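**Student:** Using the sequences and the accompanying hints, generate a full structural model.
First to last, the protein sequences are chains A and B. Quick note on numbering: numbering that gives the first Met the number 0 labels position 17 of the first sequence as 16, and the sequence is numbered without any gaps. Quick note on numbering: numbering that gives the first Met the number 0 labels position 111 of the second sequence as 110, and the sequence is numbered without any gaps.
In case anyone wonders, no lab produced these hints; they're calculated from the structure. Please note that a few of the clues may not be correct.
Unchecked claim - Here are the simulated distance ranges between beta carbons: (1) A:Ala90 x B:Arg271: 29 to 37 Å; (2) B:Arg276 x A:Asp71: 45 to 53 Å; (3) B:Ala195 x A:Arg75: 26 to 34 Å.
Unchecked claim - So these bits of chain A aren't anywhere near chain B, every CB distance computed over 10 Å: (4) Pro28; (5) Ala35; (6) His59; (7) Ala68; (8) Ala90.
Since this is a predicted model, take the numbers as computed values, not measurements. Cβ coordinates follow ideal geometry from the N, Cα and C atoms, glycine included.
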Amino acid sequence: MVPAPDAALAGAGATRDDRGVDTPYDSLPSTGDPVADLILRGEAATVDEAEELYLDRHLHEIVALVDSALTDAEFRRHPLVALLLSRGSRAWEDSLL
Amino acid sequence: MNAEERLAAFYEQLRALGLPVLVMGGHAVRFYGVDRSTLDYDFHVALDAADWARLGQTLARAPALAATPLREGPTWRPDEFRRFIVGALPDGREELLECWRRNHLLAPFAELQARRAEGLYGGRTVAFLGLDDLIRSKETEREDDWRDVRLLEEIADERRLRAAGDGPAARAAALASLRSRRGFEQARAQGLLDDAAAVRTATEGPRQAVALAFLAPLRAGASLSPPAGTPSAAGEIIGGPLRRVTPGSARHLALVEAVRRLLQRAAVLTDRADKERVRPG
Numbered sequence: 000m001v002p003a004p005d006a007a008l009a010g011a012g013a014t015r016d017d018r019g020v021d022t023p024y025d026s027l028p029s030t031g032d033p034v035a036d037l038i039l040r041g042e043a044a045t046v047d048e049a050e051e052l053y054l055d056r057h058l059h060e061i062v063a064l065v066d067s068a069l070t071d072a073e074f075r076r077h078p079l080v081a082l083l084l085s086r087g088s089r090a091w092e093d094s095l096l
Numbered sequence: 000m001n002a003e004e005r006l007a008a009f010y011e012q013l014r015a016l017g018l019p020v021l022v023m024g025g026h027a028v029r030f031y032g033v034d035r036s037t038l039d040y041d042f043h044v045a046l047d048a049a050d051w052a053r054l055g056q057t058l059a060r061a062p063a064l065a066a067t068p069l070r071e072g073p074t075w076r077p078d079e080f081r082r083f084i085v086g087a088l089p090d091g092r093e094e095l096l097e098c099w100r101r102n103h104l105l106a107p108f109a110e111l112q113a114r115r116a117e118g119l120y121g122g123r124t125v126a127f128l129g130l131d132d133l134i135r136s137k138e139t140e141r142e143d144d145w146r147d148v149r150l151l152e153e154i155a156d157e158r159r160l161r162a163a164g165d166g167p168a169a170r171a172a173a174l175a176s177l178r179s180r181r182g183f184e185q186a187r188a189q190g191l192l193d194d195a196a197a198v199r200t201a202t203e204g205p206r207q208a209v210a211l212a213f214l215a216p217l218r219a220g221a222s223l224s225p226p227a228g229t230p231s232a233a234g235e236i237i238g239g240p241l242r243r244v245t246p247g248s249a250r251h252l253a254l255v256e257a258v259r260r261l262l263q264r265a266a267v268l269t270d271r272a273d274k275e276r277v278r279p280g
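**Tutor:** Structure representation (structure tokens):
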């Protein structure tokens, strides 16, 4: 699940208000977790599916985050970045081999 | 007889029938070191149209298949793919022997045969798709296949990085094929990223788009062309933001993952289009 971003980071990219504005479910209140919101709105059936959907919809924001003034630590902690890295290729110490 | 021995027995029977075959699918994934279960026996078979049409009769002559009446299962693309029910597991699930004659993801059989890997499996010597071809065969619309891809990429990187000590060409080849974060970190630990000549060769010759994404920050001032077929959005990331980040930083790794996802999305769409070509209705 993706935690709601810190208030300090809210303007830098993915935020709790970043729910797909083109959906007919916008009137539903946000839980503060965009992945949970996708499931509650019926757009995804599982957490896995919701995380994939969230990343696909927000991938373009990664470039903006890279060019932002976030420190490296803030960048790594950003929910979108944290989710992208956690679902991507494993680091050496996390490898299953 | 366990599943590996059964696969090896089927392989030997097919070879004895004179069929040129390579093992692909789950057993090939297991052969390369991924511990995962599989129910199917998947083969790439080189046959002309007439012999392909007679495949059922040919298989029925195999002693290993004679114990149970051979039944053919459903297929959407009978000219390219056929499956036969060869048994049942204790829980009732069917055991399937699946044969590909052509696969839109793969090169012609002769090329696959030249790149094959042979090794002991199920107690016999068996020929499998080469590792890079196996990875290619898994770039489908199925999420399960992409889980295999992730692990096979790490194995492929490890093999090439182990061979990198053989000389400058091997170092450049290992870098040009980097596909996993584990491989990137291993290459850095081996000092390969400090080898400017190897990095330059790796980014200028034939290379993977993901490898280029891993290496782009090291060639900040050079002109880099993504491989043919790279989605334009991925090419823009490689040619732009990736040149401005610190190698190995979170920003670098995030952009590599963005490129990887764009490549995966394009591959999924290509595979889906192929399936829609043959799906009825």
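**Student:** The hint says 29 to 37 Å between A:Ala90 and B:Arg271; measuring C-beta to C-beta, is that right?
**Tutor:** holds (31 Å)
**Student:** Take a quick look at A:Ala68 and tell me if its Cβ sits farther than 10 Å from every Cβ on chain B, holds or violated.
**Tutor:** holds (12 Å)
**Student:** Beyond 10 Å from every Cβ of chain B: is that where the Cβ of A:Pro28 lies?
**Tutor:** Per Cβ check, A:Pro28 is outside 10 Å of chain B; nearest 30 Å; holds.
**Student:** Verify this label for me: A:Ala35 is non-interface relative to chain B, using a Cβ-Cβ cutoff of 10 Å.
**Tutor:** Per Cβ check, A:Ala35 is outside 10 Å of chain B; nearest 21 Å; holds.
**Student:** I want to verify a distance hint. Is the separation of the beta carbons of B:Arg276 and A:Asp71 within 45 to 53 Å?
**Tutor:** holds (46 Å)
**Student:** Does A:His59 really sit off the interface, with its C-beta more than 10 Å from all C-beta atoms of chain B?
**Tutor:** violated (8 Å)
**Student:** Between B:Ala195 and A:Arg75, is the Cβ distance one that fits in 26 to 34 Å?
**Tutor:** holds (28 Å)
**Student:** Quick one: work out the minimum CB distance from A:Ala90 to chain B and report holds if it exceeds 10 Å, violated otherwise.
**Tutor:** At roughly 6 Å from the nearest Cβ of chain B, A:Ala90 sits no farther out than 10 Å, so the non-interface label is violated.
Hint compliance for this structure: hints 6, 8 are not met, and every other hint is.
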